[in-house]
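Asker: Guided by the hints, dock chain B onto chain A, whose structure is given.
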Amino acid sequence: MKTTNVMIVGVGGQGSLLASKLLGNLLTEEGYDVKVSEVHGMSQRGGSVVTYVRYGDKVYSPIVTEGECDYIISFEKLEAARYAGCLRKGGKIIVNTQQIDPMPVITGAAVYPENVLETLKEQGFDIDDFDALSPAMEAGSAKAVNIVLMGHFAAHSGISEEKWLAALERTVPAKFLEMNRKAFSLGFHG
Amino acid sequence: MKKLLIGNEAVAWGLYHGGLSVISSYPGTPSTEITEFLSKHDDIHTEWAPNEKVACETAFGASLAGVRSACAMKHVGLNVAADPLFTLSYTGVTGGMVICVADDPAMHSSQNEQDSRHYAIASKVPMLEPADSAEAYAFARSAFALSEEYDTPVLLRMCTRIAHSQCLVEMGEREDAPRKAYVKQPSKYIMMPAYAKAKHPLVEERTEKLKALAENCAYNRVEDRGSDIGIITSGCSYLYVKEVLGDRVSILKIGMPNPLPEKMIRDFAAKVKKLYVIEELDPVIENHVKSLGIDCVGKALFSPVGEFSQHSIREAFRKEGVDVGEIPEAQGTAPQVPGRPPMMCAGCPHRGMFYTLAKNHITVLGDIGCYTLGAVAPLNALDSTLCMGASVSGIHGFNLATGGETEGKTVAVIGDSTFMHSGMTGLVNIAYNASNSTVIILDNSITGMTGHQQNPTTGYNIKGDPAAKVDLEALCKALGIQRVRVVDPYNLKECEQAVKEELAVAEPSVIISRRPCVLLKYVKPKAPLKVDAEKCRACKRCMGLGCPAISMKEGKARIDRTLCVGCGVCEQLCPFGAIGEE
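Protein chains in written order, with the numbering used here: chain A, 1 to 190; chain B, 1 to 582.
Calculated from the structure, these hints are not laboratory results. There could be a bad hint or two in this list.
Computed list of lysine-lysine pairs in PhoX-like fashion (alpha-carbon distance at most 25 Å, straight line) [claimed, not checked]:
id, chain 1, residue 1, chain 2, residue 2
1, B, 524, A, 2
2, B, 521, A, 143
3, B, 524, A, 175
4, B, 253, A, 58
5, A, 175, B, 463
6, B, 359, B, 521
7, B, 524, A, 143
8, A, 143, B, 530
9, A, 175, B, 521
10, B, 526, A, 143
Quick list of the computed label-pair ranges, beta carbon to beta carbon [claimed, not checked]:
id, chain 1, residue 1, chain 2, residue 2, range
11, B, 336, A, 134, 28 to 38 Å
12, B, 295, A, 155, 54 to 64 Å
13, B, 401, A, 115, 48 to 58 Å
14, A, 177, B, 175, 31 to 41 Å
15, A, 110, B, 299, 32 to 42 Å
16, A, 29, B, 172, 19 to 29 Å
17, B, 478, A, 175, 22 to 32 Å
18, A, 177, B, 185, 53 to 63 Å
19, B, 486, A, 115, 45 to 55 Å
20, B, 501, A, 99, 52 to 62 Å
21, A, 122, B, 291, 48 to 58 Å
22, B, 485, A, 119, 47 to 57 Å
23, A, 169, B, 361, 50 to 60 Å
The model shown is predicted, which means the values in this text are computed figures rather than measured ones. Each residue gets a CB set at the ideal place from its N, CA and C atoms; glycine is no exception.
Only chain A is shown next, with the shape it has when bound in the complex (with noise of 0.2 Å):
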């Protein structure tokens, strides 16, 4: 089998380490070579990050680079314009539609690109939009952002729900399974 590369966006903090987690889990499971790229460190303080998850028959680099990607998913808009070039041609970017303000917009320095993602659906690119936020504050928590959206790419990845649920059991501590749940099911259905 191809390896299938994801690309997993957002601003430091929103949680896309334990996305990651979950689809690693998912994945290993389902007895695919997997390999997962984290960031820890500096830009875990509001910046931009990036974390990669490859899996396959076997796979040996890390990372995703230029072209090669067949999911990106943002948790914020400006982050999914950011690595759009990351896409393979055919590749689908499903992106929260949140607009988080860099540090440099809010002091002024640049401007905060207007209808970022329907340029971007100009150019070309495949890209399912669509808001994250309400549907996690639904499901009990604003940070719950990241469960909804890894549900809504459940939906396109050829796992069946219930295998995704049970990683997320593995995954989420049990004190935050129920809303989880919640928040992947809206995401999945959304």
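Answerer: Okay, now just chain B, sitting in the frame of chain A:
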């Protein structure tokens, strides 16, 4: 069963299953998780030391007493631990000893890109370098036996991509490594000239033996594909090469970068028409190959700067006319978008102090930690960041050079953990050499940037159990500083008054800016604040804080209630009383 592990967890399991008894470390990205994962085991001793030198020497003491020991650090930490390392090479070990060092090519979270392999060569200590988590486990585990058999500490070199990438690892069981009885051995362990002179030739002999091992060991291997192209590579560079060229080329994969094999390289080179050496950072293997009189292409094609990727390797070989298989086709080009640099969190206790310093145009010698982010806009509060502790030592030199001109308008800032690491000695120097310098200890009660590790000032140990707590005020006084005061960085008036008063007096002083990191679990956020749009006159004074929760929307300041923790610093700045509780 196979488990998905990041490289650092794999190292932790490898050390544990290899019979580790004691590990002492100082946190540093990308090495921190090795010791954190080990701290979950109750049958071994794990600890955070105040710095890497102490950690390495603790591991030495444990080895001397007969158990298998380790320490872990980032690349620049090995600079601090270099002193014990070079002489440990002479003494050798009793219990096996492993020094884990994690390099950070591309400087994801570091101040330089130094290549730790030079330390292995300079100290004449064997070094192992895994390419993924499975090798990290195997190499860490086997390093103890290597250490004991060759009577030497062993360096285990990681890099960010290996340390923080998960892959599948097949694990074994913990090996029993009982403590060896302690025997006094002066000629082995007392490194005064008479004994050390006798030791040096033995170190050279050991290197010869290790070179022989390098020719025939599990760490170095050849993948002979009968190709005209041969590649010598190591670490994650190997993964990128495999990704791009697969089984189409012959590869000599080096897992022991010091000492390097000679015959193995000669034999490999003789079988191929064109030889490439692909290694991140410095041309260590390349120089060795060239020293054998063998022609190869290395840094001429593969940069000594930053990280590689399958993309960079693919592009390099494409230009060489080598078949690189299918070339990925991108959907399109990413648009130019504003950068998103890391920044201090909303409610970060460092912000109030940095705002005060920037407002008063103070020259600030900075240090290593979250507070290095005080350097970015709009605060732009820092003038220098060099290495751990350099703020405190540096301000003394700075003030000396200006003949007193800068004393009243310069401070050093250093975090609590960094002060414990190597700020104390600089402060002693300030007191001892009567430097009229002001040091601000940014005490957020945790080691922050590396992800919340305890340290000697927090009152807790690595397991979260209560521990002896350094009294910073008493410590600074004991070091010879008479003027020591504590301020709350959430109180701007208090900060400004303290800074102005301490800079005005003609004697050394310490201001402890104390408030726990807002991300600590026990710190409960207050209700978020709100801007009254009626009262806001868009003067943008609050914007000068660089708080990620505050932005200008529709001509008025607005506070993001999901980010705001109610620290109240912006409220104190607003001249129109527009900011308050909801």
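Asker: Does each hint hold? Answer for all of them.
Answerer: Here's how the hints hold up against the structure:
no.	hint	verdict
1	524(B) with 2(A)	48 Å, violated
2	521(B) with 143(A)	15 Å, holds
3	524(B) with 175(A)	20 Å, holds
4	253(B) with 58(A)	18 Å, holds
5	175(A) with 463(B)	22 Å, holds
6	359(B) with 521(B)	31 Å, violated
7	524(B) with 143(A)	17 Å, holds
8	143(A) with 530(B)	21 Å, holds
9	175(A) with 521(B)	16 Å, holds
10	526(B) with 143(A)	18 Å, holds
11	336(B) with 134(A): 28 to 38 Å	30 Å, holds
12	295(B) with 155(A): 54 to 64 Å	55 Å, holds
13	401(B) with 115(A): 48 to 58 Å	54 Å, holds
14	177(A) with 175(B): 31 to 41 Å	37 Å, holds
15	110(A) with 299(B): 32 to 42 Å	36 Å, holds
16	29(A) with 172(B): 19 to 29 Å	22 Å, holds
17	478(B) with 175(A): 22 to 32 Å	45 Å, violated
18	177(A) with 185(B): 53 to 63 Å	57 Å, holds
19	486(B) with 115(A): 45 to 55 Å	51 Å, holds
20	501(B) with 99(A): 52 to 62 Å	44 Å, violated
21	122(A) with 291(B): 48 to 58 Å	56 Å, holds
22	485(B) with 119(A): 47 to 57 Å	54 Å, holds
23	169(A) with 361(B): 50 to 60 Å	56 Å, holds
Going through the hint list in order, the structure does not satisfy hints 1, 6, 17 and 20.
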